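A.B. asks: Chains U, P and W are the protein sequences, given in the same order.
Everything in the first sequence is counted per the working numbering, starting at 1 for the first residue and increasing by one.
Everything in the second sequence is counted per the working numbering, starting at 1001 for the first residue and increasing by one.
Everything in the third sequence is counted per the working numbering, starting at 2001 for the first residue and increasing by one.
Among the hints, a few may not be true.
Which residues of chain U face chain P? A partial, calculated answer using Cβ under 8 Å [said to hold, decoys possible]:
| id | residue |
| --- | --- |
| 1 | Asn29 |
| 2 | Val33 |
| 3 | Ser58 |
| 4 | Thr61 |
| 5 | Arg64 |
| 6 | Arg145 |
| 7 | Arg249 |
| 8 | Val252 |
| 9 | Leu259 |
| 10 | Gly263 |
| 11 | Pro264 |
| 12 | Met265 |
| 13 | Arg267 |
| 14 | Val287 |
| 15 | Thr288 |
| 16 | Val291 |
Selected chain P positions facing chain U (in silico; Cβ < 7 Å) [what the hints assert, rightly or not]:
| id | residue |
| --- | --- |
| 17 | Val1033 |
| 18 | Lys1040 |
| 19 | Ser1067 |
| 20 | Asp1069 |
| 21 | Val1070 |
| 22 | Ala1075 |
| 23 | Asp1088 |
| 24 | Gly1181 |
| 25 | Asp1213 |
It is worth saying that the hints were derived from the structure and are not from the lab.
If you're wondering where the values come from, they're calculated on a predicted model, not measured in any experiment.
Backbone N, C-alpha and C define an ideal beta-carbon position, used for all residues, glycine too.
The lines below spell out each chain.
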Amino acid sequence: MKHLLDTHDLSIDDIVNILDVADRMAEVNRRQVPKVPALKGKTIATVFFEDSTRTRLSFETAARRLSADVLTFLASSSSVNKGESLRDTIETLSAMGVQAFVVRHKSSGVPLQLSQWTDASVINAGDGWHQHPTQGLLDAYTITREFGTPTSLAGRTVAIVGDIKHSRVARSNIDLFTRLGARVVLVAPPSLLPSHVETWPVDVRSTMDDVIDNVDVVYLLRMQLERMQSASIPNLAEYTRLYALTPERAAVLQDHALLMHPGPMNRGVEITVDPADVAGSRILQQVTNGVSIRMAVLFTLLGGDSVSSLTAGGEA
Amino acid sequence: MKHLLDTHDLSIDDIVNILDVADRMAEVNRRQVPKVPALKGKTIATVFFEDSTRTRLSFETAARRLSADVLTFLASSSSVNKGESLRDTIETLSAMGVQAFVVRHKSSGVPLQLSQWTDASVINAGDGWHQHPTQGLLDAYTITREFGTPTSLAGRTVAIVGDIKHSRVARSNIDLFTRLGARVVLVAPPSLLPSHVETWPVDVRSTMDDVIDNVDVVYLLRMQLERMQSASIPNLAEYTRLYALTPERAAVLQDHALLMHPGPMNRGVEITVDPADVAGSRILQQVTNGVSIRMAVLFTLLGGDSVSSLTAGGEA
Amino acid sequence: MKHLLDTHDLSIDDIVNILDVADRMAEVNRRQVPKVPALKGKTIATVFFEDSTRTRLSFETAARRLSADVLTFLASSSSVNKGESLRDTIETLSAMGVQAFVVRHKSSGVPLQLSQWTDASVINAGDGWHQHPTQGLLDAYTITREFGTPTSLAGRTVAIVGDIKHSRVARSNIDLFTRLGARVVLVAPPSLLPSHVETWPVDVRSTMDDVIDNVDVVYLLRMQLERMQSASIPNLAEYTRLYALTPERAAVLQDHALLMHPGPMNRGVEITVDPADVAGSRILQQVTNGVSIRMAVLFTLLGGDSVSSLTAGGEA
């Protein structure tokens, strides 16, 4: 395994292995000194052509806990603005010694393209509507660990609610959750469902009230401001009425049901209850798990042969 | 002591203790390798909603000398712009493992608010007109160390000159200096004095010439450009004539008197003499002491039980 | 040697010594853990008043491989915008403990000026049309190592092609290459040659076709967009016709000839062949060598007495 571009490239064994390594990383993160020398001397570049401080800082935290050096390359302050080609940028950073690129781009396929131009590893940190594989992995990690079934989601139902059509998070999660055995139900207005959704391995419902009292996980998607402004949804109040997690809907969740969201939340839009008031909310646990999953991915891609480096805690 | 939000929260013992720890940090900073492992594996986030490269770099230098990891969160490039609430931002960073937030905000009270949303420590790096406690501590440190009286400023007079009304630096300094025993004289035009100044434990004078030859410390405040443009001062030349430190005024300072300024200076406005020509200038010493004080604060809040980590110099 | 401001300040012994140290750094960079504790605890500030992500990241990578701490000071987000003088900025950063400044500025002479205001070392990372000494050194390193003649370029001919007039790279390279014994030929339209070029130790030709089949190195300069827009060149197509490296011209290069460019390339302007198709291209090797040269410069200026620190690999 050299790159992480698309969840579809991962076998079930690959997925289970990354979640296992994440357990070890979570143990590191609970230490008094949460730092190990596993990737000491390696240089990891975060290359974000689209702003996402949250995802970038999660990766940078993960890299530093493994003692890697981090180069932050923000497209807005870079020579990309001088007309340098993306290929030249990547080749230049590779020539400086970068061993892994963490790439966010608004266009689908850019991380795949970059992986053909460098000997370094490329990790897709979100590309267009296409994929966000570390989000999918951290969500699968969160659910399997909460339910105590580390290799399977068999018998579980996950409702993914909101703008499925434009969501890379939904695409990564649907692939991982269904391959781990879960039933996935999409809940969205028709205008926010993808074309040909009937070919996807999912069920579709048109309101939250159809699913809220009978699912194991409610996974809310962020409603992008730009969709609200476009014609994709005719009426924000109507969207909130039919699809938001309200206090009333939260009250009928099953006792064991989990509430999840990839963040950042649009409070008052897709969620009107305070998640702090929902016992099953794992929204902050997702963030914590995100660091462990990204450590696991970096470790697997760059240092997988040196498990002993994880036990030498505090000597980075 | 969990947070540092306001100098008023500090007892005299707290203050003297931080200045003592700063002495130890100053010793670290004089070493060939000015770095200790005291906060290794801890993550400190600088969260600046208002630009201040100077203060941010001072904190980041302090953190690195204690071997902490630093996350730089600049509001302008963050998801705060996507409408994420401040609370969600802080909770998210906490969930990633941030153990201390260093916060600058243009509104008074924001650091206090944030401290109620996180288990991490919060350090106020300046909030509105309210407080800038590490500036006050570094100034108290500078004066006590210069005068060789580490636990008291009894018998000393400090003149604070300029825009007191809008100055968080003045508020922190007045509190610390007076509680350490100094007499504080405010020198400002009436429009730049706070309402109810008569209830403050200070004297007030209306021109520099009333105080310049009889104080132990002249502390100049920065004149904010925006005040100059507003009606707060009718006439910049008049301000400079009455309140600036000119070469003539510098010449009548007592031999032992200190010149201080929190920076950055507006040369030609509040100061028309070159501080390099004033023997008592400690303006650059304040900057150097700022790193020691911020190391002392971070160490006290995050690692106060591990004094031995300061002696293991060079093994970070 | 305290500063690196101008290649003219370096003796031949200085130059050969830096290239020798770069050989040692290149060896470090080939290690499994390319990191040494040589500059542990030193703080290096990159102070860029003009954007150059490429050069800045090269210096920052070099500093981190020597275990130095890095402060990134971008003028656009700094108190320089509040009207603080350049001198106050440098004095402030020095007072925080910065031991070396890496400075890029659009005006010639700024690094020299700064060196008079600080006890720290100053490294010129490009100033106006004046000098870019680490670029010159990495280019001299690249050519001497390729030709296996580490102390001399005697008998070699280097053609520098493009906008010589406005190029600090050309000025640094002409000085270093000629003093190492090379013959330098400038290839440019008259409008892009400096005044008084006849006093420079170079030959001048007016088209690529005069030199392409008989030189040892073709060094292409970047054509700045702003020159294209100004009257400096009347016609971009004409420029490309006479001065670009086309596939046809690349085909007549001598077998041993090298192709070099300081980057970022304007593909389709000064180069229309894909450098990946030119066997002698060393454009990415220049980038790799840039890190080694910058490590050598930082080490020589800041830690030259501690060669043993280079052998303690992996213990930073």
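A.B. asks: Check each numbered hint against the structure and report the violated ones by number, ascending.
C.D. replies: 6, 7, 8, 9, 17, 19, 21, 22, 24 and 25
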